[in-house]
Amino acid sequence: MRAALRARAGAAFLAALAFPGALSGAEPLPTIAATRVAGPLPGGPRDPGWGKLASVEVTLYPQAAVAPAARARPLALALRAAHDGRTLALQLAWRDATRSRTRGIGAFADALAVQWALGGESELPYVGMGHRGHPVALWFWRADGTVETLAAEGFGTLSAQRADGVQAEGAWHDGHWQVVLRRALDSAASPLHARLAPDAAVPVAVAIWDGGAQERDGTKRLSGWHALALDPAHAARAAASRVAGNAANGKRLMTVKGCVACHAFPGNPARPTLGPDLSFAGGIHAPGYLREALSAPDKIILPGKGYATAEGGTRRSIMPPLEASAAEREDLVAFLLTLK
Amino acid sequence: MFTGASLAYGIPNVGTSLDAWFEMDYIVLWGFNPNVTRIPDAHYLWEAKWRGAKVVVIAPDYNPTAIHADLWIPIRPGTDSFLALSLVHVVLEENLYQEEFIREQTDLPFLVREDDGRLLRLADLRKGSRDDVFFCWDEASGKHAALPGSQGHFRKTLRLGTLRPALTGRWQVTGHDGRAIPVTTAFERVRAEAAKFAPERTQAHTGIHPEVVRRLAREYAAAHDPGLTIGFSLHKYAWGILACWGQALFCALTGHDVVDTEHQWSLGGIGPLSSPKPARFGSGFLGEWFAGKMWETFLRHYAGKAFAERSGIAPEELVRLAEHAREEKWFAHHGEPKVRLLFADNTFRRNKSSVHYRKAVLDATELLVNANVRMDSSAELADYVLPAASHYETWDIRGEVGYHRFANLAVPAPGLAPVGEAKTEWEICRLLAEHIAAAAKRRGIDRVADPEFTVTRGEAKEPVTRDLDTLADDFTLQGKLATDKDVVQWLLDNVPAFRPWKLTDAAERGFIVLGSEAGLTSPLYADRPYRSFEEQFYLKRPYPTLSGRQQFYVDHALYLRLGCACPTARAPLHPPKFPLAFYSPHTRWGIHSTWRTSKLMLRMQRGVPHVNLSRADAARRGIRDGDRVRVFNDVGAFYARAKILPALQPGTLMMDHAWEPHQFAGRAGMDTPVAGLLSPLELAGGWGHLRFGAEWDGNQLANESAVDVERA
Amino acid sequence: MSKRQLAMVMDLNKCIGCQTCTMACKTQWTNRNGRDYMYWNNVETQPGRGYPRDWRRAGGGFDDAGALTRGRVPDLARDYGAPFDLDYERALNADAGHAPPAFAAPPPLAPTAPPAYGPNWDEDQGAGDYPNAYYFYLPRICNHCSNPACLAACPRKAIYKREEDGIVLVDQSRCRGYQHCIEACPYKKVYFNPQFNRSEKCIFCYPRVEQGRAPACAHQCVGRIRFVGFLDDEDGPVFKLVTKWQAALPLHAEFGTRPNVYYVPPLSPPRLDAEGRPTGERRIPDAVLVERFGPRVPEVLALLEAERERKRRGERSELMDTLIAYRHAEMFKLDAAYYGAAKPKAARRVIPIVAERARPDGAPETEA
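Chains A, B and C supply the protein sequences, listed in that same order.
Be aware that the first sequence starts at 1, since it is given in the working numbering, and climbs by one per residue.
Be aware that the second sequence starts at 1001, since it is given in the working numbering, and climbs by one per residue.
Be aware that the third sequence starts at 2001, since it is given in the working numbering, and climbs by one per residue.
I should point out that these hints are in silico values taken from the structure, not numbers from a laboratory.
Any given hint might turn out to be false.
[Stated by the list, open to error] Restricting the straight-line Cα-Cα distance to at most 27 Å, the calculated cross-link-like pairs of lysine-lysine (DSSO-like) are:
no. : chain 1 : residue 1 : chain 2 : residue 2
1   : C       : K2311     : B       : K1054
2   : A       : K299      : C       : K2244
3   : C       : K2003     : C       : K2161
4   : B       : K1277     : B       : K1338
5   : A       : K305      : C       : K2161
6   : A       : K305      : C       : K2003
Everything numeric in this text was worked out from a predicted model, so none of it was measured.
I would like the entire structure built from these sequences, with the hints used as guidance.
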């Protein structure tokens, strides 16, 4: 099954990236600009040096597409990125009233994952662990002090990789975690390691788990894709994405087109489970993915129970083809983007 | 020891190998819990059940064996003699007894003098003649006739020839002084005694409905191949001897073999391993009574009228009887040793009135040395512990008791180095012998005369000497037996029951199969279970009893005095001043105290000693499952956790045995409140086959103390 | 569903609660490396809370519509029982070399932390009122179900069922310790190993089975209550007991997992009336057994008695002869040769794991 996993270098990387089947070419992602520092990088998680750097607020939404879903509220995470040309350091801070540091029988540690898109065939990987042919690299920190280098290519394929040199340190104080992850820019030694070259922005996403709430696996909160720009030049190029559709009409269309029959979302009085729960779809997904999901649902089928059938040996989504005009599709996308 | 069986058969351990259960059609398990205490062999019972056998369990609590039985009969603790006699009563009343069998195989036809209750002896009829030849009334000739096979009769057979001994009747014989002696049969005496124990009357003692008793008696009598197995727990009551004797009588009357008390094998050929000289082999039960000054706790706990009412003697009288037994040398007792070498006996765990016992013994002991594989509750108190290699580190072979035909071998792993300074017990003894011999030599002592034993040399009697100069040589058979392996090899070479096993074959399998010579009173056939007394039943060889038969009339002066010349029943002795009868059946979780404190075993329980209470008794005291409680009486107290058992009879407190005292607060173990007690009937000696030795010695009684319990 | 299914039958009329099976499994597999609290084989007294505590109400399995339901992960101290240690050194050797200990001075030998529960906590308690108390022993292992809830619950497909014999296993290289399987198993026979952070469970002693030997629990059982073989082997004891005679019943079939361990339900002695006479009624209420083994219990008990009666009269009974279990060779029908032929050489393919993965020492290894 192995698809080509050759890393792509250079500015072409970002330019080549697009959402699956994006109608209008590459779409910009919300940007995180890493600060280039001249002197030493800030140290541990509580190093006051971090406070001097600009932070980006990244919203994390409960994973609801595949059971078991997370039963939690969206969470704001503050992310700061810095590099000195050799090493990238990230500080991530979020609120967690309970510190859960140990794994055990029925016990899970607080955890954090930073997920990096790896070069695919001009498409971004699905934000929830990638999809076939479109792997992601991950740094997975647990509050027991361990950090793992992982890779995945869709739900259920997560696997440990040779360590890529990432280091992690976490500190919990007064209801907040602060975690610092640090890695050399050039230490990627395998096609499944994150590439952090300063010559392009790298798509990145974040997820956290609240061990005290028994969160692990798919019960997590995750962000959508962002672009981490190590070179300010790349950051400047990013612009907010615009979607032209009418969200109010899109909401009406959710009923007219029958979406309410299979998908749960705020405003649907029923809570069907035939298809993924869309309650946070707007927070997690970018417009391009949503367009693709409407027009080509077979492209990425989530491994939920009953979401797919096997017809003549091929997996087909049970979502029927959407009959709608381009304007209607944009309206639907506009509405979906409000769900967060 | 199963003293009731010793009375009846002259051998305490009789019965069948446990695979015999598989062949039986009616199995009674009385005071016996094989699902817990015969774990490797219990399957024969339930497989017998699948072949159609009926299984009946008699026990005070609904124990783990009762759960698979066809009937569980609850019985009040210590009242077993009443049930036994009721069964005898029914058999006699309803004519379910086998006349031919009892005429030939029991002393029931023996003539008993009606004037003094003693057996009629040749010495009664001819002055100065034997007192171990007995008589029957021969129906064929119409007069009394000596019965062959008794201890004093020249013909060692039970074959009656033309004799037809009467079972019933009353006659007169002429004594040596010319006077008439009225006589009747032992059978008549037995029947008269049993007549007092109709099931309708014994119900008040046992709590068992008379219909249940009658049905049990009839079904057993009618069964084709029944078995009655009893547990040692019955002999932890003062009248266990009577219960067992009554059970033996019941079996004899129904013509069905014998009561099963865990038969023993014959491991002849071991003789040379012992000194050829008579040994200072002391009575266990009486030795412990004196060593532990147990009459003190006895007198304290059993003070009052109840003891005399139920036993027929006052408590002080029992103390005197024990002294008397010692003075008469009915039981060997050689005084209190100053130096004790303790091997394979966790004596301070086991002995009753434990705190009291411990103090009495340690106060009198100057040096206590314990050879042990672990720091048990006795090793803790020793002056020296000689670390012994454990079961898997030494060569050893097992053959005592006879549950089945296998003798396990202990085989050390090759190349195994002993842990620390541990040595095998054989080597420990050999080294002790060498050093004692050397020390004796240094002090100029070669032999020590032992005035308690004499040997006859020609015309003269000389005292036996203990030869310290040759001690090491004697111990090792002149150097032949230096190691544990040598001993096992020697046993395989010299014990007929172990033939033809070679050490290598045996070591490979880990056990040997006993040969036909292993049978004590029957051959051990290769292809079927062992059953005792074939030599008696079929070859008509005498039993090792005074009468040469199954003995149900014992005219020892003490028995006559107590009204127990033939099987009868007596009430348990629990003093009424405390409400709960305390009994302690054998634990599932240890071989006595071996493995009792194993982590894995304790995790199968609750980790700490617990006592079992009935729901009613716990509720009355506000005790809940898991509460810390204090069990107490006027002898002592201990602390434990409570466990509520619906299976437990109200009025009882049950604790599985062999917890180590060092598992309890203050080292006060579960036997702390158990009072000293001896069974008066076990204090008889110097009569017929009731002579101290491997077949006759009394018991420490664990189950006759009364206690109360409270939340702590 | 696998091509063939190994199954086990236990005759509860022969179980004596000795825990030899528990110790066989414990000393073979679970006395080290994070597994001390696990009893892949346990024997509990029923009626009773069982091990883990109240597992029958801990949830899991499938509902009537066939949907997987999630139960709870049992608590170590309250439900499994924290496996306690004993400080022998402190209790027994504290005064080594000094004067004999005063009898009250050294602490008693006791668990270093008092246990709140254990794998056999309510041994021999049962239910009922004296003299009509009742209980029986229930040995339990993983049932190697044909519709395993653990397998359904794992999002990574780290649990799989072997084609050749239906043994259900946790792939230790795939498991990431999510513990969904533990929530999902209604028998609570999957366990979390806190040392390796992975799920573990009874493996049906497959290394022994592949050599033609019965699992350790079955082989060591001195009560001779266990039968092992393929469900489809008509000559084997399992087929006879489960399919031909239908005398062996699944435990809590309503959980929906299609367990492959079956039980011959236990007879019991009669209740006693107020005067102590036996009645005609068995003391374990039918309802207690039906609740566990299903509605066919009374029919099976009657069958057992009827076949027993045939033996008593000297007639033949294949059912009784099977349950008597004369020989190990008849109790355990396993065949090493079958495994030589049938065991697939290729590793099982499910969802592939991402190509390159790390070995514990950090060096890369490629996927088979």
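Structure-based check of all given hints:
Distance restraint check for K2311 (chain C) and K1054 (chain B): the Cα-Cα separation of roughly 12 Å lies within the 27 Å cut-off, and the hinted pair is therefore satisfied. Between the alpha carbons of K299 (chain A) and K2244 (chain C) the distance comes to roughly 50 Å, so the proposed pair goes past 27 Å and is violated. About 10 Å separates the Cα atoms of K2003 (chain C) and K2161 (chain C), which keeps this hinted pair within 27 Å; it holds. For the proposed pair K1277 (chain B) and K1338 (chain B), the alpha carbon gap of about 23 Å is at most 27 Å, so the pair holds.
With a CA separation close to 19 Å, the supplied pair K305 (chain A) and K2161 (chain C) stays within the 27 Å bound. Distance check on the hinted pair: K305 (chain A) and K2003 (chain C) sit about 24 Å apart at the alpha-carbon level, within 27 Å; holds.
Against the hints set out earlier in the document, a violation occurs for number 2 only.
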